[in-house]
Amino acid sequence: MKFIIKRKNSILSYRNIFYLLALITLILSPIFSQSSFYGDILFTVFLFAGMSAAWNLVGGFTGQISLGHTVFFGVGAYTSTLLYLHFGWSPWINLIGGGLVATIFGVILGYPCFKLKSHFFALTSIAFGQIMYFISLFWRELTNGANGLIIPFNPGFSNIIFDSKIPYTYLALSFMLIILFVSYLIRKSKFGSYLIAIKEDQDAAESVGVNSSQYKLYIFMVSTFFTGIGGVLYARYIMYIDPASVFNIGISIQLGIISILGGLGMVLGPLFGAIIIIPLDILLRGWFGQTFAGLNYMIYGALLIIMIRKAPQGIVGWLKEKYQPYFESLLRVSNTQELYDDIKIKTKEFVLINQYGKKGDVLLEVNKINKRFGGLRAVKDVSFYIKQGEIVGLIGPNGAGKTTLFNVITGFYQPESGIIKFMDKKITGLRPPYKVCDRSIVRTFQLVKSFNQMTVLENVMVGAFHKINSYTIAEQFAKKIIRFVGLEKSTYLLAKNLTLCDKKRVELARSLATNPRLLLLDEIMSGLNPTELNEFTTLLRKISNQGITLFIVEHVMKPVMTLSDRIIVLNYGEKIAEGPPKEVSENEKVIKAYLG
Amino acid sequence: METIILQLAVNGILLGGLYALISIGLTLIFGIIDVVNFAHGEFLMLSMYFCYWMWALFGVSPYFSLLLSILIFFFIGRIVQKLLIWPIIEEPMLNQIFTTLGLSLILMNGALLFWKADSRAIRMPGLAQSAEILNLRFSYPRVIAFIIALTIIALLFTFLKKTRMGRAIRALAQDRRASMLVGINVDYHYQVAFGIGLACTAAAGALLIPIYNVSPTTGQLFCLIAFVIVVMGGFGYLQGSLIAGIIIGLVESYSGFFLSIHLKEAVYFMIFVLVLLIKPSGIMGGKER
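Heads up: the sequence lines are chains A and B, in that order.
FYI, in the numbering used here the residues of the first sequence are 32 to 627.
FYI, in the numbering used here the residues of the second sequence are 470 to 758.
Honestly, the hints are just simulated from the structure, not real lab data.
No false leads were mixed into what you were given.
Below, a list of computed lysine-lysine pairs in the DSS-like style, where the Cα atoms sit at most 30 Å apart:
hint, chain 1, residue 1, chain 2, residue 2
1, A, K480, A, K146
2, A, K527, A, K353
3, A, K457, B, K748
4, A, K351, A, K534
5, A, K573, A, K589
6, A, K341, B, K551
7, B, K551, A, K527
8, A, K480, A, K351
9, A, K341, A, K480
10, A, K466, A, K480
11, A, K520, A, K498
12, A, K351, A, K341
13, A, K456, A, K498
14, A, K466, B, K748
15, A, K498, A, K219
16, A, K457, A, K146
17, A, K146, B, K733
18, A, K146, B, K748
According to the in silico footprint, chain A covers these stretches of chain B (three or more CB under 8 Å from chain A):
hint, segment
19, 497-508
20, 553-562
21, 695-703
22, 724-737
From the three backbone atoms N, C-alpha and C, an ideal C-beta is built for every residue, glycine too.
Please build the complete structure, drawing on both the sequences and the hints.
Given below as structure tokens:
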């Protein structure tokens, strides 16, 4: 354990030394790029590593597969070249200009698409790329059609045209390093944390306050901006652009392949991928030439299919997996006190801030809610209220409409009629669900939705980011809550490796981290063994003592009867009873509903 | 002028029927298996090549090859589903997308490798004629293509609505797990669905070859049209694809006459962006499947 903390603080760890050596190698490599073949390869490696890293922000981090990045590449190339040829604008300005115009195209594509299923985005983006190809081909007045545009050879720093390959290579290298650095910053921020949460489970992310369509659009804008700049650099280097070379679906696919081979969603993945793919591509083209035209792409395709099947985690992912077990043995925290020694920043105590009213005031008011699915009335005229500080249980046989009611309250479904008020403000039909979390109502899911590829800490931090913007403070706060739910030993483990019970704790901790007033728990105790049940009952009591109001849907009777102040019983979508646990359990209607 | 407008409408609708057939294959696979087949255009291209070679080498009429092509591609579809899609059916969407993309690269460049980039066409003397009714010209291959395409679509709808297997396939489209629970053989029915999807495309290929040239990149062009239609029709909605196919056929016909034949892609683009901005879920989006 000590090793971990030390590793974080010491500058001269093995890891940092390795990174430093790699960086020096990268910086020195262009010096030898005077030979045109080597220079070509190096420039292309850096350029494509950079652009693939930009692709990776959308495809790898956020899980939105773009097959239209060639659009932004091409738009960057054409914008800069046209501005240069017609108005004599300096390409240095056009670097930004090309990027910005590419971003505009990105918004046109991304804004409508990100509200829909992600299949839709992949398909739409590929069509977008094809269409741009045809437009650039036939809009001759602007693009000179298939003849393309030639940039006259006029060397000079201000033109970004050089006699030697060395300056180009350095330019591409800086481009790549900037994107990798930006990727790293994003990865280690609230923004990046949200993106990965969206990829892992969009519903769960929304439930803790992530506005997914907005964040998807933001990252897409960042990505398209850099891809546009990549297009500008390409145009300055080749000094000739035509529709077939810049609006080419092959480029979109290549950016994806590089990221996949290197490691999807890994900051350094694209660099590793490009180092392998680009030289291979150039060599294959050289070998097969015109006689076997197409063979290189066939190999590409086969490589893609095999890689996806056999090694979807990529090179960096594979390295991580290989060394992960070694780290994990260290990460299984033995002395928890030690882990919390490094908490220096004082975070707010885990209590409600600006509590609404006094204990006993009405917090949630549900009035005559109706929800139907086709001919089935899942919830019929249900009304009830929940008071500040209460624990209310919602029970009923299978199919009674309990989860539907939850989904209506938390904005996942729209009710046909009825009013829901929270703290005297109408929240009926508040959509999408992240808006409900903004009002301090958070839910957990019946089928546990932890972000499986993230560590426990990262999971809980997604919740903590709802109120906290700083990464370090969110980390401290998340650790506090992890300790509160009793998961501190697994802080650095991936959620997928946890037991069901611990996954539920993660979900609970993630919800608590948003600092909610009302917590809706959907069958959080189902599937637990008696020991775990006891622990959970204690935990929920502890949460309630912090002043958080709990609304529990439950099948497991014993804990809900001991915990709840009040029980509401649903049957066939109707409320059939309400009152203290003892009273309800003696109610004839309830007994009838359960025993038939 | 009136005749021209009507003539363009006829051309557009005839073409639209074929487009609908191509897109329905794609949207069927998506709607049921939840996989976007990015190699769809390549299968169309291969079917066109198949019918071309049957004609060039053995003198077989494409309308006879149509039947063979449907059979062959049905089985190819089953094999693709079994070997490539089924093993990754539970994996993230990214893996499925890149698998079909890889397949598309292999097929397109395989065609390039074997048959070079030359564009090939069938020239059958009997097919160049057209009938004239009420001053409107009906070119035979287009009329035949339209009638066969609509027949196939009608058969497909009937199959899905009326037969036991069709109902099982529709159930799978609704909920894979629940279908498994009631004893539907998911693996087998997915194979059939993929096979039917490709068979539709193969039929469209056979109907296209008397009208269009084929080259290794033909698939990409038609794939683009199919994508636009599928998005416009509402992802996974068969009726939507039928309507959108006819609309795109009409648009192509009119824009080719009034603007320029080269601008038709630009017009697709306009429609595409408009659909995205106004109703991104498509014509049928949001209704029941």
